[in-house]
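**Q** Those sequence lines, one after another, are chains A and B.
Sequence positions in the first sequence follow numbering that gives the first Met the number 0 and run 0 to 282.
Sequence positions in the second sequence follow numbering that gives the first Met the number 0 and run 0 to 601.
Everything labelled a hint here was simulated from the structure, so no lab data went into it.
Keep in mind that this is a model prediction, so the values were computed, not measured.
In this text, a Cβ means the ideal position worked out from N, Cα and C, and glycines have one as well.
One should not assume that every hint holds.
To be verified - Across the chosen pairs, the derived CB separations fall in these ranges:
#: 1; chain 1: A; residue 1: Gly182; chain 2: B; residue 2: Arg318; range: 41 to 49 Å
#: 2; chain 1: B; residue 1: Arg416; chain 2: A; residue 2: Leu135; range: 52 to 60 Å
#: 3; chain 1: B; residue 1: Tyr232; chain 2: A; residue 2: Thr123; range: 22 to 30 Å
#: 4; chain 1: A; residue 1: Thr123; chain 2: B; residue 2: Leu284; range: 28 to 36 Å
#: 5; chain 1: B; residue 1: Arg376; chain 2: A; residue 2: Val164; range: 36 to 44 Å
Claimed, not checked - Quick look at which bits of chain A chain B covers, simulated, 3 or more residues with Cβ under 8 Å:
#: 6; segment: 134-146
#: 7; segment: 233-241
#: 8; segment: 256-262
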Amino acid sequence: MPSLTLLGQSVVSGLLAGGLYALLALGLSLSWGLLRLVNLGHFALAFLGAYLTYQLGTVGGLAPWTAVLLILPLFFALGVGLHAVFTWFRVSEFTSLLVTFGVTVIIESLIQWYWTADFRRYETPYASLSFRLGPLYVPALELLACLTAAALALGTWAWLRFTYVGKALRASAEDPAIAAAFGVNHRAQSFLLSGVAAAYAAVAGGYIALISTLAPSQMWAWLGVVFAVVIIGGLANPIGALFAGLLIGVSESVTMAVVAPAWAPLVSFSILIGLLVLRPGRA
Amino acid sequence: MSGHSRRVAVGLVAAGLALSGLPALGLPAFYESFLFLVFFWVSLATSWSFLSGYAGYFSFGHGAFFGAGVYTTATLTAGFAVPFLASLPAAGAVSALLAVGIGAVVFRLRRLRGELFGLLTLAITFVLATIVLNTRIDGGPGVYLSAVPLPRLVASPTGTMYLLGLALALLSVTIAYAVTCSRLGLGLFAIHDDEDVAEVKGVPTFRYKLAAFALSAAVAGVAGGIYAIYVSYVTVGETFAITVPLYVVLMSILGGARHWLGPAVGAAIITASLYAFTGGNTAVLGRAVVALALILVILLLPDGVVVAVLARARAWRRRDAAPLTVPSPEAPPIATSHALRAAPVVASLDSGTAREGARAAAVLVCEDVWRAFGGIRALRGVGLSLGGGEIVGLVGPNGSGKTTLINVISGHYSADRGRIALDGAPLAGRPAHAIARLGVARTYQIPRPFGHLSALDNVALAATFGTEPCALVEARAEARTWLDFTGLGRRAMALPGELNLHERKFLELARALAARPRVILLDEVLSGLNSAEMGSAIDLIQEIRGRGTSILFVEHVMRAVLELSDRIVVLNEGEVIAAGRPDEVMRDPRVVEVYLGKTHAA
Chain A
0 MPSLTLLGQS
10 VVSGLLAGGL
20 YALLALGLSL
30 SWGLLRLVNL
40 GHFALAFLGA
50 YLTYQLGTVG
60 GLAPWTAVLL
70 ILPLFFALGV
80 GLHAVFTWFR
90 VSEFTSLLVT
100 FGVTVIIESL
110 IQWYWTADFR
120 RYETPYASLS
130 FRLGPLYVPA
140 LELLACLTAA
150 ALALGTWAWL
160 RFTYVGKALR
170 ASAEDPAIAA
180 AFGVNHRAQS
190 FLLSGVAAAY
200 AAVAGGYIAL
210 ISTLAPSQMW
220 AWLGVVFAVV
230 IIGGLANPIG
240 ALFAGLLIGV
250 SESVTMAVVA
260 PAWAPLVSFS
270 ILIGLLVLRP
280 GRA
Chain B
0 MSGHSRRVAV
10 GLVAAGLALS
20 GLPALGLPAF
30 YESFLFLVFF
40 WVSLATSWSF
50 LSGYAGYFSF
60 GHGAFFGAGV
70 YTTATLTAGF
80 AVPFLASLPA
90 AGAVSALLAV
100 GIGAVVFRLR
110 RLRGELFGLL
120 TLAITFVLAT
130 IVLNTRIDGG
140 PGVYLSAVPL
150 PRLVASPTGT
160 MYLLGLALAL
170 LSVTIAYAVT
180 CSRLGLGLFA
190 IHDDEDVAEV
200 KGVPTFRYKL
210 AAFALSAAVA
220 GVAGGIYAIY
230 VSYVTVGETF
240 AITVPLYVVL
250 MSILGGARHW
260 LGPAVGAAII
270 TASLYAFTGG
280 NTAVLGRAVV
290 ALALILVILL
300 LPDGVVVAVL
310 ARARAWRRRD
320 AAPLTVPSPE
330 APPIATSHAL
340 RAAPVVASLD
350 SGTAREGARA
360 AAVLVCEDVW
370 RAFGGIRALR
380 GVGLSLGGGE
390 IVGLVGPNGS
400 GKTTLINVIS
410 GHYSADRGRI
420 ALDGAPLAGR
430 PAHAIARLGV
440 ARTYQIPRPF
450 GHLSALDNVA
460 LAATFGTEPC
470 ALVEARAEAR
480 TWLDFTGLGR
490 RAMALPGELN
500 LHERKFLELA
510 RALAARPRVI
520 LLDEVLSGLN
530 SAEMGSAIDL
540 IQEIRGRGTS
550 ILFVEHVMRA
560 VLELSDRIVV
570 LNEGEVIAAG
580 RPDEVMRDPR
590 VVEVYLGKTH
600 AA
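Excised from the complex, chain A in its bound form (with noise of 0.2 Å):
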């Protein structure tokens, strides 16, 4: 048995490695749960965040934050436009997991092509930067992006829960003939949520970037886990997805610590499992 600072260690880590699955499901969640559309993609656009915000530091030496807050508008562009797509050719939900795959494999190509397959580590004098707790470390940059998924979601669920534009999305997702009669532009709602969840892309990527070493292929490492995690907190729930992050984090991290980190996967698609089979009633 790991001592209980080990443990209370492997929690603190956990928690925060669960906040950037939040910030990556929060996106997927929302253009599932609300838009119908699986979008494979999500990881593309992050993992394309991500190479952005590392080149942007440095080559063109601009802080990260100041690389996101130019990337942020690019991606909101490239989710409307992405979208664009879709409901050009009505694409059902089904159908959007196989397109943005193939939107995946193309963006990933792209990236290994002008940034080769070689792994890249963007070093920065912050990453490094953590303070203790009593016993624990506590790393600053994850903390940061822990932090950012909970103001996110926060953010989000307040935005769905009490705008105009939030309850039309939701009401549109229930039932779109109906929203519609009732005077609910969806068209123009969705592409505005498709950007959203693009810009949030954008975000997590540039916390991949500072906090991970960066390789095109690693983008397929976070599907499996984060789509658990957007399944456990429920499509188009944020402060769910929130909690299905930290969760699958802490899970993760203390089935490293306890029994060996080869053993972490298992936990989470065990829980997804389990939730799957077992939950009753919710789709």
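We have chain A; now place chain B onto it with these hints.
**A** Here is chain B on its own, set in the frame of chain A:
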């Protein structure tokens, strides 16, 4: 064997013979290796389509079954010195068992359809990979298989692998063709379109899905076993990578996942085009080009290349042929020997004897049937009986429980309490397909035909899974007679989407009749028809009764109810409030109150 299947058999045998001669030509090993990869992907993609293409249960877990096969062969040959060829059946069996285990849990859950099934199977792949990685099956460093002795089918090892790959590819395509021509295939296609209706029409959906899943996994497992020896060094990272499930899905979609040859064509196209781009930087851009091509195909040819080409060819042929003499090329041959049994004996009994027969014995009996949905008690102790050849009209206001009763009798919902019996055999607790086979058929108020099946196959499905199960060829012959009976003979090859409401209502009737049921439950067959159509429908119902079939008849059109019914049962808020001869019941003050309000009842 029909002409079409003979041509396919000849084609497959010819292709097999021609391709198996290739090693004798002494070409460079490169060709054998390349074609081995094509065969490998043909086998995997085709096997994937058994469940996911035909029944529409998209699996992203094909890598799990492939991987189970890889590691079964690796463990048996490297660890236990089992001969390579002997390990292949084991590889198939382990994968099939895994699929049966997963399916036995997952296929019972109605909500795990669509993309949730896909993600679940993907998650299972990751779990399996983690277990293999962390146990002695692999343990981390991978398994070397280069020392495993190869059987010498031909002189060169690549030639041997080539022949094994060819054999498996031919086997999987043959299975695909056999399945799509069988009852199993028709049942799976129906599950794809509307699983609940398929079950009610007599398709044992759970067993069929399980069978398709096991078959699919078994072929993938054998493919894995062969591949393990081909690469001679297996690792968890490579084996369970996302590549296998995604390529398999894309190949099948590209070629046409619902066509027996579609996945094979898709696999050949993608393998060849990926190969064209190997080496250096072009490989990276080549992948992007392939991905872009896939996006375009999925958006522009959603049914796949094979189906699109066939449709184009058919349209072309039709334009050349004289318009009046086109029997659709897919029209199945009709077995004349069967036509005798299927010829409907129209109205040979006069209605008087039918009414006498009604008194003889109750065919369908419901006693004290209860059913609640949450707090809503839809049926509260309903009792009714239906005699042989009798027509009972079931009336009542909207929400009184009429359709719920039909759903409970046909087994779509289970009763919370009470007894339902057909010819004395209890129905409660039986799955819907078993009830259909015993002789209960129903129609849907809003027609629910299988959208991708022709009118003929919609009816043939009901016949082949009905009370007198028969082979598909006979069922199609029988279906023709029922389409003629309902006046849809000329529309046999039309898809349901091309039929108008009146025709679709009659298609519902033809489907119910083709099952040769003891009892037909008609749910508002007349609603939405104009008065001429209604007249022909009423005549049809009379004819059906003339053949001795009992009818329970939910209807709002009072003229028809009074004209057709021997007895009327009135439901209100889930309870029977009146039952008896039409003229008696319609005078019952409680019935008048329910229909017209209290003041008129006095």
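**Q** Quick one: which hint numbers does this structure break? Sort them smallest to largest.
**A** 3, 6, 7
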